[in-house]
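S.K.: Chains A and B are the protein sequences, given in the same order. Read in this note's numbering, the first sequence has 63 at position 63, and its numbers run on one by one without any break. Read in this note's numbering, the second sequence has 474 at position 474, and its numbers run on one by one without any break.
It should be emphasised that the hints constitute simulated quantities derived from the structure, not laboratory data. Ideal placement from N, C-alpha and C gives every residue a C-beta, glycine not left out. Do not rely on the hints blindly, as some may be mistaken.
[To be verified] Which residues of chain A face chain B? A few of them, derived with a C-beta cut under 7 angstroms, are:
(1) PRO211
(2) ALA215
(3) ALA222
(4) ILE226
(5) LEU228
(6) LEU229
(7) VAL239
(8) TYR240
(9) SER244
(10) ILE247
(11) ASP295
(12) ILE325
(13) GLY502
(14) HIS503
(15) ALA577
(16) VAL579
[Claimed, not checked] In the SDA-like style, the derived pairs of lysine to any residue whose C-alpha atoms are separated by at most 25 angstroms in a straight line are:
(17) B:LYS427 <-> A:THR176
(18) A:LYS578 <-> B:LEU569
(19) A:LYS578 <-> B:SER159
(20) B:LYS427 <-> A:PHE37
(21) A:LYS89 <-> A:THR176
(22) A:LYS497 <-> B:SER159
[Stated by the list, open to error] Here are a few chain A residues that face chain B, going by a calculated C-beta distance under 10 angstroms:
(23) LEU60
(24) LEU234
(25) PRO236
(26) LEU504
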Amino acid sequence: MSTQAIKLLDRSVLVPAFSAALRKLNPKEQLRNPVMFVTLIGAFVTTLAPLVGWTQDEPLSFTLQIAAWLWITVIFANFAESLAESRGKAQADALRKSRAHTNANKLLSNGSIQIVPSESLRKDDIVRVSAGELIPSDGEVVEGAAMVNESAITGESAPVVRESGGDRSSVTGGTTVLSDTILVRISANHGESLMDKMIALVEGARRQKTPNEIALTILLSALTLIFLLVIVTLKPFGVYSGVSFSITVLVSLLVCLIPTTIGGLLSAIGIAGIDRLSRKNVLAMSGRSVEAAGDVDVLLLDKTGTITLGNRQATEFIPAPGVSIRDLVDAAQLASLADETPEGRSIVVLAKEHGFRARSIQELHGAEFVPFTAKTRMSGLDAAGLKVRKGAADAVRNFLGGAFPAEVDETVKRIASAGGTPIVVAKDGQVMGVIYLKDIVKAGLPDRFARLRAMGIKTIMITGDNPLTAATIAKEAGVDDYLAEATPEDKLALIRKEQAKGHLVAMTGDGTNDAPALAQADVGVAMNTGTQAAKEAGNMIDLDSNPTKLIEVVETGKQLLITRGALTTFSIANDVAKVFCNNPCDADGHVCGDCTVERHAA
Amino acid sequence: MIGWIQLALFVGVLALLTKPVGLYLYRVLTPEARVGLEPVFGGLERMFYRVIKVDPKREQDWKVYAFSMLAFSLVGMLLTYLILRLQHLLPLNPQGFGPLSHHLAFNTAASFTTNTNWQSYGGESTMSYFSQMVGLTLHNFTSAAVGIAIAAALVRGISRASAKTIGNFWVDLIRVSLYVLLPISLVFAVFLVSQGMIQNFKPYETVQIVQDSSLDSTLASTQVIAQGPMASQVAIKMLGTNGGGFVNANAAHPYENPNPLSNFFQILSIFLIPAGLTYYLGRMVKSQGHGWAVWIAMAVMFVGGTLVAWNAESTGNPRLTVLGVEAADGNMEGKETRFGIFNSALFMTITTDASCGAVNSMHDSMTPLGGFVPLFNMEVGEVIFGGVGAGLYGMLLYVILAIFIAGLMVGRTPEYLGKKIGATEVKLAAIGILVPVISILGFTAWGVVSTWGTATLNNIGPHGLSEVLYAFSSATGNNGSAFAGLGTNVPWYNTLMAIAMLGGRFMVIVPVLAIAGQLASKKLVAEGAGSFPVSGVTFTVLLIGTVLIIGALTFLPVLALGPVLEHFLMIHSTQLF
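This is chain A alone, in the form it adopts within the complex (with noise of 0.2 angstroms):
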């Protein structure tokens, strides 16, 4: 999706917006909204009956001048709608042109390729996409590897790597492959892709009111209803009291009385709460997720990429007894200047800290890399006369085939103890030290879980560490509880029991095996570079594939939720003031038209 800000008050965006305004008058449309209907009608009979000759006993200008009030009246409130349509309308252009019209390299059963429209494209059918070619709809790479930039959905400019197998597999229509061939399963019919959907939902073509919605304007309603038949019953009343109210003062009475300002803008709040959320590179499948969103209680963060930065690093040499720490710093950085992990890239940079610039392995003589296996679990370097190694503690105990000194063990279990990794570092056959590793908690992410849990959400960790790590981690992050050594299957029990305790739960994923989970919860977030399982699971797409913006996102339903109830009681508190404001003047039907005026033209 095109990121760059789309202003308000563009030229481009407010003429078709206003038109669309005019072009929303057809009283079907308006009838989707009773408060915004009610008011049309009160234009239309101010504006005809001076025609018809209803009111002679009024000076025609103040007719006229309450009928054009009601006219700016409406045609404001459609314009809001309008306007926070015709933004969405702007950005679903700018994905159409992505969607341009392409052929598609079909691969027959037979072997054969065919050129066929991308448009004819069904679901399971395979097509090879080459280099410079648009991916010409969803699907599941199912051979090859090749750089794909996608920055027509996500707006990062920096090509991706998508390969069969895996949970980096998905790929989007409309986004263009860079380098290599790959051959692409399509995973939707044309017009069901995920582009379709985005330039469906930002136009709001298939935009339904949401639950909450639904009820206010239930409430609206009934409301109009009351206020309608307060001034329907007043002409008798009026009648019997000998005030002749004109049809003119009755009307703008009315208007004055329903709930126009929430009437007028519930429609645009809905719409700008989806278009809040895509501008933030998040795509709502529907309103009714936005609004669940902003009801959610629990939020399940991945601890990986949401809570730490994503890999442990090295922050303390520890030497063993009658070792030099810088003895030790030499080893663990020899051992680990071939490793090419995080975890051992940390360790290099930690070396750095402490003085020892980074060696290339080439100046070592005849030194040979010693990978990481899962049968060994350690890594190290062999060179002439070298020999380092770093790994588990228990794995270097067998590689060194006897007992640790004792202080040695104790910094092991220390280290373990407090949630952090220890790796222990020997060489040529003696025990250096220990590294301490740990998980390093994004900056400010504490403030925020407070900030959650006074708004009432629960915030519950999702880790693969074991229980004493993710403690630890759970504390730092000051999230209010953990899960730990989770599998799928957990984590789809514990939302469930959530659920089942009243809460409506949050989550982010990507793999295939996180798509019951995303099912399940109330509100699902995808990651855009999971798989198509996942996406289809959850009700949200994160764009930028950030677990982070979760907490975004349930901050941006609680807004849309909010801004609705602040003007649901303004409108309401308003109309008492309007109220009060009027009825002295009941007993005069002109002063009270007066009144009218004035309150529109505040």
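Put chain B on the given structure of chain A with help from the hints.
M.R.: This is chain B only, laid out in the frame that chain A set:
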């Protein structure tokens, strides 16, 4: 000063009685619980179940509950209609009264079935003892029991989760009648007799009056004094917020309300069960704070209304003050000297806060603003303590609306005690509030521009409007008190008011029961820091605000043309109505 002490005493005693009454109601309305009166009434209770073939352990869903209630009310109404039409053939008719007209019988049957007790007739000149005791007093018990049953069903719906049933109507009806209304009325009636109220089956007495007086240019030296089984009917008339007087003058008659002490206990008995029901609510939903918040909201509006009425009446009528004919302490027109200004204003406020409708003074003779208070009380739906049961379920409709509006501001879908308030609940609550509005405004508007409406009107101008408005407000709100000044014993009024009473009762009860069923079936949502609190000052203020705002928005325009206009005319001109 004496007024303030009485007001404080009244509110204090009411507050003290709320908890014991609430706990007692809790036991009665929880069929498994022991009440303590089983040795006396247990056999009767079981006998009733056997006769109507009801298994007291089987609960009903809301539709069956509503159907049972409607069927019961219809049968009761038909029975009363027949008794009134055939009273000349029935026993206990020493005065030999003839049958009632079809429209008066319809009006009266509807009136007593709906707990309204609007009386288009004078009791002592129309009704035989049999009609009073069987046709009318029966409803005084059952219509009150129905109201309490409905409130209990709604509270059960609120307190339950993922449930299908909301109680058994027959069990509620029988238990409330046997364990609450009957014993308290018995004790209360004995107390009233001790204060000088009569209880007999004698024909009316003709007595020599002390000083001959002339009435319509005929000299009268004797007076006929009505007799009858009064105490038994008055006890339940107050306790069950029925309000239908044994005699036309109602609680202003020396027999029906002999002294200030009987007056105090009569008004206390009006609020007794409604106040206790708020405690029952708190107890059932396990949030006593919620029950008290509702209680306080009601008490604040009650005290506010009393102060307005009291102030208006003690200020009196400036026109009369100028002429030097006004009593020193304010407007004494239409008031009994043994009650005075304060106790008349207090009685009037209470009888219209609740759906009682008994009167100890002439509401028609109140100052315009004094008369504004009962009108407003009835028009907000009599939810200030309110009728037995009806007050609580009416107030709970406002609670639902208040929570819905304010709950949205908290930033989550509004929820009430762990139940999400959705479109269905709002729709049903809106119907419950809309129907009375349509009835009051619609019928009044129709009446004031029709010949049938103004033909029997004794006053003109804004006061005449108030009289018609009061009649339909009283009927729709099932209050039954009359502003008077309007002859309603004519076919049009009798029929339309009967429709207003039936609509105001059953078209509110059915949505209420539907809400009960709806809420009972809902899943419980966990309460968290973000949930809107339903106890405490914020909630109470919000609830009061919702009641007043909906009332103000709806009825202020018509009230402005009635009592408010009359008030300004009284102050600024020489016009009186």
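S.K.: Hint by hint, note whether the structure agrees.
M.R.: For each hint, the structure was consulted:
no.	hint	result
1	PRO211	6 angstroms, holds
2	ALA215	4 angstroms, holds
3	ALA222	4 angstroms, holds
4	ILE226	5 angstroms, holds
5	LEU228	10 angstroms, violated
6	LEU229	5 angstroms, holds
7	VAL239	5 angstroms, holds
8	TYR240	4 angstroms, holds
9	SER244	13 angstroms, violated
10	ILE247	16 angstroms, violated
11	ASP295	5 angstroms, holds
12	ILE325	48 angstroms, violated
13	GLY502	4 angstroms, holds
14	HIS503	5 angstroms, holds
15	ALA577	11 angstroms, violated
16	VAL579	5 angstroms, holds
17	B:LYS427 <-> A:THR176	51 angstroms, violated
18	A:LYS578 <-> B:LEU569	24 angstroms, holds
19	A:LYS578 <-> B:SER159	38 angstroms, violated
20	B:LYS427 <-> A:PHE37	19 angstroms, holds
21	A:LYS89 <-> A:THR176	23 angstroms, holds
22	A:LYS497 <-> B:SER159	22 angstroms, holds
23	LEU60	26 angstroms, violated
24	LEU234	6 angstroms, holds
25	PRO236	4 angstroms, holds
26	LEU504	8 angstroms, holds
Taken one by one, the earlier hints fail for this structure at numbers 5, 9, 10, 12, 15, 17, 19 and 23, listed in ascending order.
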